[in-house]
Amino acid sequence: MNEPRDLLTVENLNAWFGQTQALKAISLSVKPNTVTALIGPSGCGKSTFVRCLNRLHEEVPGATAKGNVVLEGMDIYGPGVDPVMIRRKIGMVFQKANPFPALSIFDNVAAGLRLAGVRRRTILKEIVERSLMHAALWDEVKDKLSHPGTSLSGGQQQRLCIARALAVQPPVLLMDEPTSALDPISTAKIEELITELKKETTIVIVTHNLQQAARISDKTAFFLMGEVVEFGETSVLFTVPKEKRTERYITGKFG
Amino acid sequence: MNFEWTSDTKIDLNTWAHPVVEKKSEPIAVPARRQKEVHHADRLFLWFLRGMGISVVILLALIAAYLFLSALPSIRQFGFTFLTTSVWDPVKDVYGALPVIFGTVVSSLLGIALATPVSLGIALFLNELAPRRLASIVGFLVEMLAAIPSVVYGLWGIFVLAPWLQSTVEPLIGNNLGFIPLFEGPYYGVGMFAAGIILAIMVTPTISSICREVFRAIPRSQREATLALGGTRWEMMNMSVLKSSRAGIVSAVILGLGRALGETMAVTMVIGNRSEIVASLFAPSQTMSSVIANQYAEATSDVLRSSLAEIGLALFAVTLVINGFARFFIWRVTKPKGSR
Amino acid sequence: MTTSSNLNSLLSSGFRKRKLINIFFIFCIGLAAGVALLALFYVFGYVLSQGFPSLNWAFFTQIPRPVGETGGGMGNALAGTAILILLSTGVGVPWGIFTGVYLSEYGRGKLGRLVRFSTDLLTSVPSIIMGLFVYVLLVIPMRRFSAIAGALALAFIMVPIVARTTEELLRLVPVHIREAGLALGLPRWKVILWIVLRGSLGGITTGIMLAVARVAGETAPLLFTALGNNYWHQSLDQPISSLPVQIYNYAISPFEDLHRQAWAGALVLILFVFAINITTRLVLRPAPTAGRD
Chain A
6 MNEPRDLLTV
16 ENLNAWFGQT
26 QALKAISLSV
36 KPNTVTALIG
46 PSGCGKSTFV
56 RCLNRLHEEV
66 PGATAKGNVV
76 LEGMDIYGPG
86 VDPVMIRRKI
96 GMVFQKANPF
106 PALSIFDNVA
116 AGLRLAGVRR
126 RTILKEIVER
136 SLMHAALWDE
146 VKDKLSHPGT
156 SLSGGQQQRL
166 CIARALAVQP
176 PVLLMDEPTS
186 ALDPISTAKI
196 EELITELKKE
206 TTIVIVTHNL
216 QQAARISDKT
226 AFFLMGEVVE
236 FGETSVLFTV
246 PKEKRTERYI
256 TGKFG
Chain B
775 MNFEWTSDTK
785 IDLNTWAHPV
795 VEKKSEPIAV
805 PARRQKEVHH
815 ADRLFLWFLR
825 GMGISVVILL
835 ALIAAYLFLS
845 ALPSIRQFGF
855 TFLTTSVWDP
865 VKDVYGALPV
875 IFGTVVSSLL
885 GIALATPVSL
895 GIALFLNELA
905 PRRLASIVGF
915 LVEMLAAIPS
925 VVYGLWGIFV
935 LAPWLQSTVE
945 PLIGNNLGFI
955 PLFEGPYYGV
965 GMFAAGIILA
975 IMVTPTISSI
985 CREVFRAIPR
995 SQREATLALG
1005 GTRWEMMNMS
1015 VLKSSRAGIV
1025 SAVILGLGRA
1035 LGETMAVTMV
1045 IGNRSEIVAS
1055 LFAPSQTMSS
1065 VIANQYAEAT
1075 SDVLRSSLAE
1085 IGLALFAVTL
1095 VINGFARFFI
1105 WRVTKPKGSR
Chain C
477 MTTSSNLNSL
487 LSSGFRKRKL
497 INIFFIFCIG
507 LAAGVALLAL
517 FYVFGYVLSQ
527 GFPSLNWAFF
537 TQIPRPVGET
547 GGGMGNALAG
557 TAILILLSTG
567 VGVPWGIFTG
577 VYLSEYGRGK
587 LGRLVRFSTD
597 LLTSVPSIIM
607 GLFVYVLLVI
617 PMRRFSAIAG
627 ALALAFIMVP
637 IVARTTEELL
647 RLVPVHIREA
657 GLALGLPRWK
667 VILWIVLRGS
677 LGGITTGIML
687 AVARVAGETA
697 PLLFTALGNN
707 YWHQSLDQPI
717 SSLPVQIYNY
727 AISPFEDLHR
737 QAWAGALVLI
747 LFVFAINITT
757 RLVLRPAPTA
767 GRD
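Chains as they are written, first to last, in the working numbering: chain A, 6 to 260; chain B, 775 to 1114; chain C, 477 to 769.
These are computed hints drawn from the structure, not numbers from a lab. What you are looking at is a predicted structure, and each value in this text was computed from that prediction instead of being measured. Don't take each hint at face value.
[What the hints assert, rightly or not] Covered by chain A, per the in silico footprint, the following chain B stretches (three or more residues, Cβ under 8 Å):
#1 1013-1021
#2 1042-1053
[As the list claims (entries may be wrong)] Which residues of chain A face chain B? A partial, calculated answer using Cβ under 10 Å:
#3 R56
#4 D87
#5 F99
#6 F105
#7 K249
#8 R250
Ideal Cβ positions, reconstructed from N, Cα and C, are used throughout, including at glycine.
Chain A extracted, bound-state conformation (with noise of 0.2 Å):
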């Protein structure tokens, strides 16, 4: 059986805020060009999770983080590594769409690029219309790349940072509950994104709609309390649960 190799290893993670302990000995691992679903009530760490794989956790003050997450062999927690050369590699969408409000469309997508020095225009402008391609948006603003990038509604605000975090291809992209601030036909249009994008890239995409995580994820762990519950294949997780909580959660019995 040829299995692909692991792409995302976590290796016990833990995760602080100041002396308080959010996520207790994580362990759980990614294949590529997979779609992992990460859900849990709200407060059970899955979005510190997900801040802690690309070491945007420990920005917050007082935060700390402490495991091993090994990306395509290299353990980004290891001695002398650069977060930010990681954050290249695995790039996030956040909550509440935030393109720059003093930058173009075009500038907006590019932004990764120019900072990690793409000067070129040519090359900037292959990659702009790739990304908004990847991202479903070309069509919608290809005639006014010039206008701010917040000139769009929130559906399109929100692709438009999709196509800004894959213009620097990175191979793991996080997604912090991206289409919980939308209408539901954005949520549509984005989720049927995904899984077109997961061609390209591997997503690791935060929850709290159950049947969101249903439709698009290959696998999904269920976080309670800071720590993993239970990790397996969607289906399997959604139909005959292991563990006892994870079925009430599921279930609704609580959440």
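Since the structure of chain A is already known, use the hints to place chains B and C on it.
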């Protein structure tokens, strides 16, 4: 602690809890006679308060009016050319304000030119770089710079800054760059350069504190967006904070300019008080406020006094316009952003 | 077409340069903060070192000697500043507080906007212009320089500062508290004075103290209102000495001894202002910044 971190979570260092009274009582019916009394007292109080408010408006109007009236003889006598001529002749009683206007504008511009990069640096340091404890201590110290009275800066300027400029700095610049008209001429120590430096010190706390407010108005998610793209700390400051704050920074600088224009004592003490328009930064000069401070009390001629009043009127008008403009801008920029 | 590996190499090549740029700018930013602190410590340190040796009993209790003689003190200037502060607070603080109350409780309509706008503009009037105004307003009709004129000029400077602080503080009191008072049957004016205002006294006191600190250091408005006096004050309608004006006069005089005293006076002034600022920060609840801008 059940802490769910979302992109919307803001850490506002300035929130302070305020007691809230959760009292859900029904309005008690008040007997009719007391109600009328109550209204009466309330009405009186309201009119009293209104009077207080109106008195402030009247005060402002009075200032403008009195200045104008005092300046009237000079306005009538010299007309518009007052602002464009360079003469200052107490014997013949003929005056022109151009040199002091020049002195005011140049010293203030020099001041904000020196102050702005430093203020931006301070604002970025305090808001984006320093850990919270350090930021509050350093922030407090920067504000203490603003608390030092003008006359103390002037004292320090006369006896410390000016001699140092005269003996060390000005010769250093003059020997190397003296071919530029900006830096030529004898080294007095006192002069435009000294005034510019002192103004810069005095205006820095103002500019930096407004910049800090402007920077604070930018939501956290903007900063995280740049970090998530793999930006370094400086790149985050540049892309998420500075680029979005242009309007706010401009208004902070304009407000600093407004303060510099009105600054009197420190400038008077170090600017050398000679009314000449010269290109060199090392030359002594005069500003609108310094000429009033120096000459008004001993002015014997009515024409002189009226001319000084006209200069005062011009200063009043300019500072009002600039400050009003800047304030409006700042209000525009720092009010909470609605959904965009 | 830019392949993935091309892009990868493109993106990782400039990394070291970016790190260097990052370090450079962070260094500059730290430098800026350092420059500001350096200025503060340098000025304060110098005043301290020059002024401290001259702080003696004579300084606080004696008046200036005749021109040319050494010795004497700034006792009259200290007393003069105290008197001016008392007078100006007596006028400026109530005026400012009630204006602030008006703005916060009733200031929503057109008049409110006009008053608020005027208050804001008033804060930006250069202090020398305020002195000029009071000169024409009071000194000319009275035909003399006086403590009253000086105090009035200072009061005019205080009013908008106190008004703004008061308004901002009262605005922070939630509507519920006012409603609770009204629901108890209290008339509106009592609710405002006894409940809302009284609840914000801490912050208002802070605001007043900061305004006092500001006004204590003002020189320009006193130059042609209170003028100056080399003797203890006799009456309020005579010129009166004040610390900042005396420092100024000594600083520009040609006498070494007077310079020495000027430093001492400056030290007293700085310590006074710093003491107020530190106390309000640490002890009382900090008021929203209603300082010199």
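Tested hints:
1. 1013-1021: Held - the stretch 1013-1021 of chain B has 5 residues with a Cβ nearer than 8 Å to chain A, which meets the minimum of three.
2. 1042-1053: Since three or more residues must qualify, the claim that chain A covers the stretch 1042-1053 of chain B is violated, with 0 doing so at under 8 Å.
3. R56: 7 Å, holds
4. D87: 9 Å, holds
5. F99: 4 Å, holds
6. F105: Status holds, d = 7 Å.
7. K249: With a closest approach of 22 Å, the K249/A hint is violated.
8. R250: Check failed: Cβ of R250/A comes no nearer than 17 Å to chain B, outside 10 Å.
When held up to the earlier numbered hints, the structure conflicts with 2, 7, 8 and fits the remainder.
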